[in-house]
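Taken in order, these protein sequences are the chains called A and B. Counting along the first sequence from 1, when you hit position 284 you're at 284 in the working numbering, and nothing is skipped either side. In the working numbering, each residue carries its 1-based index in the second sequence increased by 1000.
Calculated directly from the structure, the hints in this document are not laboratory data. Just so you know, not all the hints are guaranteed correct.
In silico PhoX-like cross-links for lysine-lysine, where the CA-CA straight-line distance does not exceed 25 Å [claimed, not checked]: (1) A:K5 / B:K1121; (2) B:K1194 / B:K1084; (3) B:K1194 / B:K1215; (4) B:K1195 / B:K1121; (5) B:K1195 / B:K1119; (6) B:K1180 / B:K1194; (7) B:K1061 / B:K1078; (8) B:K1180 / B:K1195; (9) B:K1084 / A:K5; (10) B:K1084 / B:K1195; (11) B:K1180 / B:K1215; (12) A:K5 / B:K1124; (13) B:K1119 / A:K5; (14) A:K5 / B:K1137; (15) B:K1195 / B:K1137.
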Amino acid sequence: MLSAKIAYRNLPKRRARTALTILAVVLGVALLVGINLATASATGEFTNYINKFWGRTDIVVSYGGLPPVFESRYLHIVDNTSGVQQTAGRLVWFGTTDSRTFFSLVGINRTDFDYSSFNITGAKTLFPDQATVDDGLAQKFGLGIGSTLNVVTPNVVTRTNVTIPLSVVGINHPLRNIGASIYLNLTQLQSELNFQGMISHIYATLKDPTRAPQVRDEIQSRLGSPLFNVNAPKAEAVQRIAGQTAGFELGLNVMVAVALVVCAFIVFNTLFMTVNERTYEIGVMRAVGTSRSQIFMIFLAEGLLIGTIGTIAGVFTGLILSRGFTAVAENILQIPSLPLVQLTPTITLMGLGAGFASVFAGSLYPAASASRINIIQAIRPSARNSRNRIPDSIIVLVSLGILTVGSLEAARLTPFHVSYLDVALIPMGLVILGAVLFGRSGRILTGPLLPFSRVVGYIASRNGRRRLLRNAISFGMITITLSFVIMLGGIQGGVQTALPRNSGSAWGGHNPDRKPVPTNQLHQQSHQHSTSLSSNSPRTQPPTIQSQSPRTQRQQHISRSTSR
Amino acid sequence: METTAIVQVANLEKTYRLGNINVQALRGVNFTLYQAEFVVVTGPSGSGKTTLLNIIGTLDKPSAGTVTIDGEEITGMKDGQLTKLRRHKIGFVFQFHNLIPVLTALENVELPLLTAGMKPKPAKERASLMLERVGLKERLTHLPDELSGGEQQRVAIARALANHPKIILADEPTGDLDTKTGSEVVQIMYESAKKENASVLVVTHDPVVADRAEKLFEMRDGIISKGTQQRPREAFRLRAIEPVPPEPARSLSQPN
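Isolated chain B, as found in the complex:
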């Protein structure tokens, strides 16, 4: 089933300087992510999971090693090239504060489409479709403050998938959610990514997410310490997305 390699990481090293101390966050990581895979990386805090994710997401630069995304070596790219790469090939889902607070759910999903140069009308149509897919058809005009944590994460998933990316990178996507909501979010992310034929790389502590991985990696002290635990993809495919009822809007005070 594994076809094209979307992400190839070879001998990846990253060293930070924290005050007077050099922290070696990655110590020669080798890793491959194939098309339409759902891969989970777990590990204790400080093991280098997020650093790996950020480097693959072109947000950070490695100290050594190479990263190839969809056939393009990114380590030598300039900021403008990396921005374009993120715009067209990578989608992000962060743990919290994922959305732009002054934009509605629809506008948040439109954001990567408009910044990529899409016309407003098709961008709006695409964003509506993506929000419908994640079960937020009724919440298009709501601001992030008016959405629950689970709904916000679903908007983030819709935004991450809006531009037909090759990869979705998720950093603790369920970290701020209760177990039930977290499970629903992972389910939606999985199903939506499959529909878009996108690969997903999730970094998490959450055993619920880890339990659903097609491939599971464990990181420790900057290296992938355990071999992969492979599960058949069909295990997820058998489960249909259940429509999630919209949660009542929260009323939060506006900052001044």
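Chain A on its own, in the form it takes in the complex:
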């Protein structure tokens, strides 16, 4: 309490210095919080996007054999795997209406949990001869609810083309309008293709989605055949994003750490200066019975007070910075609809922890040196120069010893070898020896070295120290500001690189060079996509949509073969 009172009343006595130090802490913490909030927001948005994109689907099973269908009994194997909550079997094939535009034909049953979460206008339940059409296709073909269309699809069993007349009962509005699928009754599609009792995909939702990779491996093992491709698309996409952003985040946090070290150095300088200025006061306090630990606490409290103000202000400044950054990202970098950044307990604690840790580190030595002050030297300035000096002869001997070891090491005559030891020892020995000779040589050497001694005198003087402190603080502030600017540049570059990659990951495709596409262009693009079978809709999960794992590449090959 007493420590806090003394600390609280001392801070305003050195307003400019205190304000600059608090500002340094604010900037350091704000940088940490701002960067982490902004990156967490961006990563969170990617993850949310993936989750929205894939709906409740945690696991997707497809087949790499020819034709790429398998018996629906495998559905029960997946269903009975531990951790699986619900499954849905689908038959995904392809069709056309005019031999130019190809699309996915997806056979759905009534209990399909994924299909039931679709945003569909019209009827969701599909009876035979009824279809739900993605709105991209509906617009292309001029279809509405009640329209009819004839879908042509190859029957690989009879090696003929089958025409299926369908009546549109629903229009699906898939995420980002990139779907190009027509959904119809599963039993009807199986029958038309002579694939009775066969499906091409199993979709599964898990009780605990975080266990998706483990459940994926277990399903793969239980299915028995390597031709089954078992994927955990959400988990894999999130993992890919995490892998791509980890290095980027690490780089940013290293720079933040540098800013916090500078911040600790500024706190150290300020408090050390304060201790020097209040030496007499410390001496008096010690004389009237204040213990070393109490003196330590007084100065630590002063540092922590600076830290508390700076850290709390820094957390909120960081929030404002990150909101500013997301605004810049939305308006200048054209990153659509980033969520409003909110302070999370983790990042708040991280900011508070880092701020207090750096202030504590900066306060520790000044507080310790204040507590160990010599009382006599504190209250009698004339006694401050009466420290015991090591005799010159011993210093000369030590310097000669250092020089000898360094020289022997340089000539590799020592029984040991430490890299660069000679480089360190020889100059050190020369400097120590030179210092003694200089001290003994009188005025002969003083002349040529006058500028140097002036510099030393300037640094040693009170005014010189003060000016150096101000310069150090100013330099520190400039360093932090520059770090901040560099980091903003880094974020901008990083996001511009990471966004297309991560968007690609989110879509489940492999397209590292893909540029971010504004929403209004995606709709247009969906028409272009619908001209080929390799549609980007993950919900329909056509064979070509799998990511670039060896299994997927094999499947892509199978798909191409099938389409041929």
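Given chain A's structure and the hints, the job is docking chain B onto it.
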């Protein structure tokens, strides 16, 4: 009248190293301070007065000899023990800059009480009482900057006596004061110490202070060169403390 010996100094020596020169500040001092005595040590600059005071005050360590305070030999004590000894048995009054600038007069007097572990309420009561005794009842909430030199010294005396010490050590307590104020401060110190039954050892050049000593020692070249000059204690007791009117507050600029 002399009863218990509070401070016993035997063959005390102290040698400083100043640059390349060894300075022998004390050369075998023998000295005893009895309970409730008012003793003054005078002597020229560099004679070793302050060094003696600092060693008795446990602020400095002797090179040789022994110092016993209230029956405890202090020369072998560690820093923590010495701090406790200072806290409970010794009060200090320095020449100037005696007070903590950011604490009020009351808080300055509370400081040794709180650091000794006393609860805030009794500490406040004791500090108020001590300030009232030195005639500063109206100045409790004033910062040192707002007090005159004499008032600051009176706060220092109140602080030195707050923890019921056995000894008050004063190093040139009137050195920064005019004669009249110095005389008042010495008077207050004397009377307050007597009320608390504390011994006082004053180191000074000031003849006004020396004139009021019950025992007067003179130091020269690190030894007590002259015998004691004893005066009856009653000479001081006859004189009552006159209330000192508070001086107008000084307005000093705040450092930044």
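For the pair supplied as a hint, K1195 (chain B) and K1137 (chain B), confirm whether the alpha-carbon distance does not exceed 25 Å. holds (18 Å)
Between the alpha carbons of K1194 (chain B) and K1215 (chain B), is the straight-line distance 25 Å or under? Distance ~15 Å between K1194 (chain B) and K1215 (chain B) Cα, so the pair holds.
Are K1194 (chain B) and K1084 (chain B) close enough, with their CA atoms no more than 25 Å apart? holds (23 Å)
Restraint status (C-alpha distance of K1195 (chain B) to K1119 (chain B) at most 25 Å): holds (23 Å)
What's the verdict on K1195 (chain B) and K1121 (chain B), does the C-alpha distance respect the 25 Å limit or exceed it? Between K1195 (chain B) and K1121 (chain B) the Cα gap is close to 23 Å, so the pair holds against 25 Å.
Pair hint K5 (chain A) and K1137 (chain B), alpha-carbon separation not exceeding 25 Å: The given pair, whose Cα atoms are some 23 Å apart, holds under the 25 Å limit.
What's the verdict on K5 (chain A) and K1121 (chain B), does the C-alpha distance respect the 25 Å limit or exceed it? Since the Cα atoms of K5 (chain A) and K1121 (chain B) sit roughly 16 Å apart, the hinted pair holds (cutoff 25 Å).
Are K1180 (chain B) and K1215 (chain B) close enough, with their CA atoms no more than 25 Å apart? holds (22 Å)
K1061 (chain B) and K1078 (chain B) were given as a pair; does the straight-line alpha-carbon distance stay at or below 25 Å? Holds. K1061 (chain B) to K1078 (chain B) sits at ~11 Å (cutoff 25 Å).
Under the criterion that the straight-line Cα-Cα distance not exceed 25 Å, is the pair K5 (chain A), K1124 (chain B) satisfied? holds (15 Å)
Tell me if the straight-line CA distance from K1180 (chain B) to K1195 (chain B) falls inside 25 Å. The hint holds at about 23 Å.
Would you check the hint for K1119 (chain B) and K5 (chain A), treating anything up to 25 Å between C-alpha atoms as holding? holds (16 Å)
Violated hints for the displayed structure: none, as all numbered hints are satisfied.
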